[in-house]
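Trainee: Sequence:
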Amino acid sequence: MNVLVIYSHPNPASFNSAILGVVKDELARRDVSVKVKDLYAMNWNPVLSNFDLEQMAAGMVPDDIAREQEDVSWADLLIFISPVWWYSVTAIMKGYIERVMSLGFAYEETDQGARGLMQGKRALFITTLGADEQTARETGMIDALRISLINGFGKYCGFDEVVFRGYYAVPLVSDEERKKMLENVRLVVTSMIS
Numbered sequence: 001m002n003v004l005v006i007y008s009h010p011n012p013a014s015f016n017s018a019i020l021g022v023v024k025d026e027l028a029r030r031d032v033s034v035k036v037k038d039l040y041a042m043n044w045n046p047v048l049s050n051f052d053l054e055q056m057a058a059g060m061v062p063d064d065i066a067r068e069q070e071d072v073s074w075a076d077l078l079i080f081i082s083p084v085w086w087y088s089v090t091a092i093m094k095g096y097i098e099r100v101m102s103l104g105f106a107y108e109e110t111d112q113g114a115r116g117l118m119q120g121k122r123a124l125f126i127t128t129l130g131a132d133e134q135t136a137r138e139t140g141m142i143d144a145l146r147i148s149l150i151n152g153f154g155k156y157c158g159f160d161e162v163v164f165r166g167y168y169a170v171p172l173v174s175d176e177e178r179k180k181m182l183e184n185v186r187l188v189v190t191s192m193i194s
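The numbers in the UniProt record's numbering rise by one with no breaks, and the one at position 81 of the sequence shown is 81.
One or more hints might be untrue.
Claimed, not checked - Simulated pairs of lysine-lysine, PhoX-like, Cα-Cα distance not exceeding 20 Å:
id, residue 1, residue 2
1, K24, K180
2, K35, K24
3, K94, K155
4, K24, K179
5, K37, K94
6, K37, K24
To be verified - Label pairs and their computed distance ranges (CB to CB):
id, residue 1, residue 2, range
7, Q112, V173, 44 to 54 Å
8, N151, A57, 19 to 29 Å
9, S174, T110, 46 to 56 Å
10, Q112, S174, 43 to 53 Å
11, L53, N184, 37 to 47 Å
12, T110, D25, 36 to 46 Å
13, E183, T135, 22 to 32 Å
14, T135, S33, 32 to 42 Å
Just so you know, the hints here were simulated from the structure itself, not pulled from any lab data. The beta-carbon is built from N, C-alpha and C at its ideal position, and this holds for glycine as well.
Generate the whole structure from the sequences, applying the supplied hints.
Mentor: Here it is, written out as structure tokens:
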């Protein structure tokens with residue numbers, strides 16, 4: 001199995017970084033090939049520009065997008081790791097999705113509407129939230145994330161399966177609780193590669 005990990009947090013001491021460490025450790029213990037993309041370390045340009053659109057309309061793909069699309073094509077499983085800011089993944093993660101998962105690559109337009117082209121692939125979104133779970137539910141945050149990530153991304157692009165995991169109140173809980181969260185991350189990753 002080929003696994004592509006797409007990570008977005010600017011602080012190497014963050015809990016998201018700890019999650020990335022657990023994901024990498026668990027994948028290293030398995031018979032899988034792994035590539036990791038740290039979007040901040042890559043200085044990824046998240047802006048879908050008019051130049052990008054013109055290039056794609058002319059049948060050409062800008063080099064930075066083409067490299068990422070090659071890795072997405074290679075992968076059987078994509079693991080996205082991001083904090084939730086303003087009811088969504090980070091801007092750099094959203095920009096990665098917008099630029100890489102483009103028309104003609106991740107989906108196509110047909111007479112019956114959009115048809116996803118990512119069949120045979122699965123995706124896992126691991127997110128962290130400052131809000132507790134009850135607040136995230138009551139405010140619609142979880143619904144917004146699920147609609148955006150599972151329907152708007154996963155189903156639209158034709159992924160066979162999209163799993164969402166949110167870890168809540170991360171800055172507020174005890175170290176013991178965060179350790180439990182990391183153990184849950186390990187279990188979720190294991191279930192996705194088994």
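Trainee: Under the constraints set out in the numbered hints, which ones does this structure not fulfil?
Mentor: none
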